[in-house]
Amino acid sequence: MSESMAPPKRAFAPIRWMRENLFNTWYNVLLTVVVVYMIGTSVGPLLNWLFLDATFTGADPKDCIGDGACWLFINQRLNFFMYGFYPDAQQWRVDIMFLLLAVAFVPQFIERFPARRWLGIFGMTGLPIIGYILIPGGWFGLEEVQSHKWGGLMLTLILAYVGIIGSLPLGVILALGRRSEMPIIRGFCVIFIEVWRAVPLITVLFMASVMLPLFLPEGMNFEKLLRALIGITLWQSAYMAEVIRGGLQAIPRGQYEAASALGLGYWRKMRLIILPQALTLVIPGIVNTFIGLFMDTTLVLIIGLFDILGTVQSTITDPSWQNVATEGYVFVAFCFWVFCFGMSRYSQNLERKLDTGHKT
Amino acid sequence: MTEQMQSEQGQAVVDSAKADKTIIHVEAMNKWYGSFHVLKNLNLDVAQGERIVICGPSGSGKSTFIRCINRLEEHQQGKIVVDGVELTDDVRQIDSVRREVGMVFQHFNLFPHMTVLENCCVAPIWVRKTPRKEAEATAMEYLKRVKIPEQANKYPGQLSGGQQQRVAIARALCMKPKIMLFDEPTSALDPEMIKEVLDTMVELASSGMTMLCVTHEMGFAKTVADRVIFMDGGEIVESAPPHEFFDNPREPRTQQFLKQILHH
Ligand SMILES: Nc1ncnc2c1ncn2[C@@H]1O[C@H](COP(=O)(O)OP(=O)(O)O)[C@@H](O)[C@H]1O
Ligand SMILES: [Mg+2]
Chain A
0 MSESMAPPKR AFAPIRWMRE NLFNTWYNVL LTVVVVYMIG TSVGPLLNWL
50 FLDATFTGAD PKDCIGDGAC WLFINQRLNF FMYGFYPDAQ QWRVDIMFLL
100 LAVAFVPQFI ERFPARRWLG IFGMTGLPII GYILIPGGWF GLEEVQSHKW
150 GGLMLTLILA YVGIIGSLPL GVILALGRRS EMPIIRGFCV IFIEVWRAVP
200 LITVLFMASV MLPLFLPEGM NFEKLLRALI GITLWQSAYM AEVIRGGLQA
250 IPRGQYEAAS ALGLGYWRKM RLIILPQALT LVIPGIVNTF IGLFMDTTLV
300 LIIGLFDILG TVQSTITDPS WQNVATEGYV FVAFCFWVFC FGMSRYSQNL
350 ERKLDTGHKT
Chain B
0 MTEQMQSEQG QAVVDSAKAD KTIIHVEAMN KWYGSFHVLK NLNLDVAQGE
50 RIVICGPSGS GKSTFIRCIN RLEEHQQGKI VVDGVELTDD VRQIDSVRRE
100 VGMVFQHFNL FPHMTVLENC CVAPIWVRKT PRKEAEATAM EYLKRVKIPE
150 QANKYPGQLS GGQQQRVAIA RALCMKPKIM LFDEPTSALD PEMIKEVLDT
200 MVELASSGMT MLCVTHEMGF AKTVADRVIF MDGGEIVESA PPHEFFDNPR
250 EPRTQQFLKQ ILHH
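Chains A and B, in that order, are what the protein sequence lines are.
Residue numbering for the first sequence is 0 to 359, as defined by numbering that gives the first Met the number 0.
Residue numbering for the second sequence is 0 to 263, as defined by numbering that gives the first Met the number 0.
Do not take every clue at face value.
Over the 12 Å line for every Cβ pair with chain B, so calculated as not near, a few chain A residues [unchecked claim]:
| id | residue |
| --- | --- |
| 1 | Arg-18 |
| 2 | Ile-64 |
| 3 | Gly-176 |
| 4 | Val-194 |
| 5 | Val-209 |
| 6 | Pro-212 |
| 7 | Ile-250 |
| 8 | Cys-339 |
| 9 | Ser-346 |
DSS-like mimics (lysine-lysine), calculated; alpha carbons at most 25 Å apart, straight line [what the hints assert, rightly or not]:
| id | chain 1 | residue 1 | chain 2 | residue 2 |
| --- | --- | --- | --- | --- |
| 10 | B | Lys-132 | B | Lys-146 |
| 11 | A | Lys-268 | A | Lys-352 |
| 12 | B | Lys-153 | A | Lys-268 |
| 13 | B | Lys-146 | B | Lys-78 |
| 14 | B | Lys-132 | B | Lys-177 |
| 15 | A | Lys-268 | B | Lys-128 |
| 16 | A | Lys-268 | B | Lys-177 |
| 17 | B | Lys-128 | B | Lys-143 |
| 18 | B | Lys-132 | A | Lys-268 |
| 19 | B | Lys-143 | B | Lys-175 |
| 20 | B | Lys-128 | B | Lys-175 |
| 21 | A | Lys-352 | B | Lys-194 |
| 22 | B | Lys-175 | B | Lys-132 |
| 23 | A | Lys-268 | B | Lys-194 |
Derived from the structure by calculation, the hints contain no laboratory data.
Remember, predicted model here, so these are calculated numbers, not experimental data.
We put the CB at the ideal spot given by N, CA and C, even for glycine.
Build the full structure now, drawing on both the sequences and the hints.
As structure tokens, then:
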């Protein structure tokens, strides 16, 4: 009989770690030296440009002196980058939506935040309703702001948010339909998915803005933004359906059978047993699709909508500012990175939380 | 809708009384997989409270047969009546049969995303409309009966095979079924866990539950079964009380099967 022992300790010794991993062979030594040199020579200048030599405040373009970034440009045009042509006096409405968005989704990153789940549910149900009332206005005494005035980050978020919230349930229904035993439903879903998936988004947007009005009856000419939103959502839901179908296919037949044997009907079986497992399995794929969509919203530029990239791009050509293109694009990249990185982190949290130790 | 359900249940009571406590009635039942004739002209009547063990070589159609009884498989010819309700294409009839028939599978098929307690409560809450508190109390009762109440808040993935199978039994019992079907409940278990599951099944049998068990545990068949059915090639070859079945098998195919299985 041998006694049970504690596992061997793995002490953290930086020097030893470096000797074993960075300087263990002559080529690793060489690689380490080269990489350290490259980091050393690039990080310093980058930090200088980004922060130390940069200009943050001032009154007009002439204040941007020195070699650093001219953040004054972003600072001065921030209003345009956030709201597009949304009238100044009405921007509080958009601010409320930004705030609500943060209130609903930032707590999702904080494990022990009270009522976190309800905030998330609000973010997917109440939030769009409030947004639908507040942003366009035209009722409850709110001044109407037509959608061609919307722009900047606000427009990017609307496009991405509607695409995400709309495509997930549509994707679920299409995925279920594609696995249906009823030939008509299955046929419809297969055709829908395969048609939309075979068309590039840019084409969808063109068709939505140029061709769709030709087919619609006279007088039913709804706004360009709405058409783009519908196009993006349908296009995205076809992709989403395929991701979710992958998850459905990975669920063993025994799960369906056990649920049926307990007397759960089709919809309950799907909602309570199959979909929770299938969606958990494909969280990385779903989030990947969301991130892809977030980036793809920039394509609305070609149908004349000014999202954040569009507003920045149209401003950097302004002759009163000189050479601010880099600053503009860095700013856009940073905005996209914040949201996409957030989604990616959130999906990792979720995956860890939903892991119940079951491996099949 | 509720009225319809009630009248259906009322109908069921009348029918089963008329049929003299026959709770499962299978008549001239045939099933094909494509052109493969998997079940051939099966006839079987099971009385309420009867305990039946089905055995036979692998591929003889045992699983297919008991899965027809809760319509996990569809039969193409003949008649199956369970608790007074005939199994047809009518979804409502299928659902009302499934409410009264519990099933335990070879591979447990617990829901991995739910705790043990949630596994046991999901059907009572959503199918029987039992209030959550009451469903949980019932579930704890059955978990005690299968001797694992302390695991109630764990996930299936954290339990041993034997424990998972006992949860699966408790989950089926929580629906308060009239009939329990077992499809080789111990074949996927390590030898040391078989006994704990069989003990649970013996205890269930002594409570008067109608049971159909596909199993090769001949000890269980001898002590518990009222009748042992031997299937081969999609047919019921022999059906007899255990002492007759084991001591005096009539059919040569049964004799050969018993020789093989008892030698192990
Ligand atoms: N879904 C199916 N499609 C086609 N053949 C099947 C299917 N399921 C089972 N079978 C065949 O039917 C026969 C009976 O299977 P089964 O009822 O599982 O046997 P048992 O449980 O007695 O081992 C086997 O020959 C098997 O290969
Ligand atoms: Mg079998």
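Hint check results:
1. Arg-18: At about 41 Å from chain B, Arg-18 of chain A clears the 12 Å cut-off, so the statement holds.
2. Ile-64: holds, 60 Å
3. Gly-176: Given a closest Cβ separation of 18 Å, the condition holds.
4. Val-194: At roughly 32 Å from the nearest Cβ of chain B, Val-194 of chain A sits farther out than 12 Å, so the non-interface label holds.
5. Val-209: holds, 46 Å
6. Pro-212: holds, 44 Å
7. Ile-250: violated, 10 Å
8. Cys-339: holds, 27 Å
9. Ser-346: The claim stands: Ser-346 of chain A keeps its Cβ more than 12 Å from every Cβ of chain B (closest is about 17 Å).
10. B:Lys-132 x B:Lys-146: With a Cα-Cα distance of about 21 Å, the restraint between Lys-132 of chain B and Lys-146 of chain B holds, given a limit of 25 Å.
11. A:Lys-268 x A:Lys-352: Judged against 25 Å, a Cα distance of about 23 Å means the pair holds.
12. B:Lys-153 x A:Lys-268: holds, 22 Å
13. B:Lys-146 x B:Lys-78: violated, 39 Å
14. B:Lys-132 x B:Lys-177: holds, 23 Å
15. A:Lys-268 x B:Lys-128: With a Cα-Cα distance of about 15 Å, the restraint between Lys-268 of chain A and Lys-128 of chain B holds, given a limit of 25 Å.
16. A:Lys-268 x B:Lys-177: holds, 22 Å
17. B:Lys-128 x B:Lys-143: OK: Lys-128 of chain B and Lys-143 of chain B at ~23 Å, within 25 Å.
18. B:Lys-132 x A:Lys-268: It holds: about 22 Å lies between the C-alpha atoms, which stays within 25 Å.
19. B:Lys-143 x B:Lys-175: holds, 15 Å
20. B:Lys-128 x B:Lys-175: holds, 13 Å
21. A:Lys-352 x B:Lys-194: Violated - the C-alpha atoms of Lys-194 of chain B and Lys-352 of chain A are around 35 Å apart, more than 25 Å.
22. B:Lys-175 x B:Lys-132: Holds, at about 16 Å.
23. A:Lys-268 x B:Lys-194: Distance ~32 Å between Lys-268 of chain A and Lys-194 of chain B Cα, so the pair is violated.
Hints 7, 13, 21 and 23 from the earlier list are contradicted by this structure; the remaining hints agree with it.
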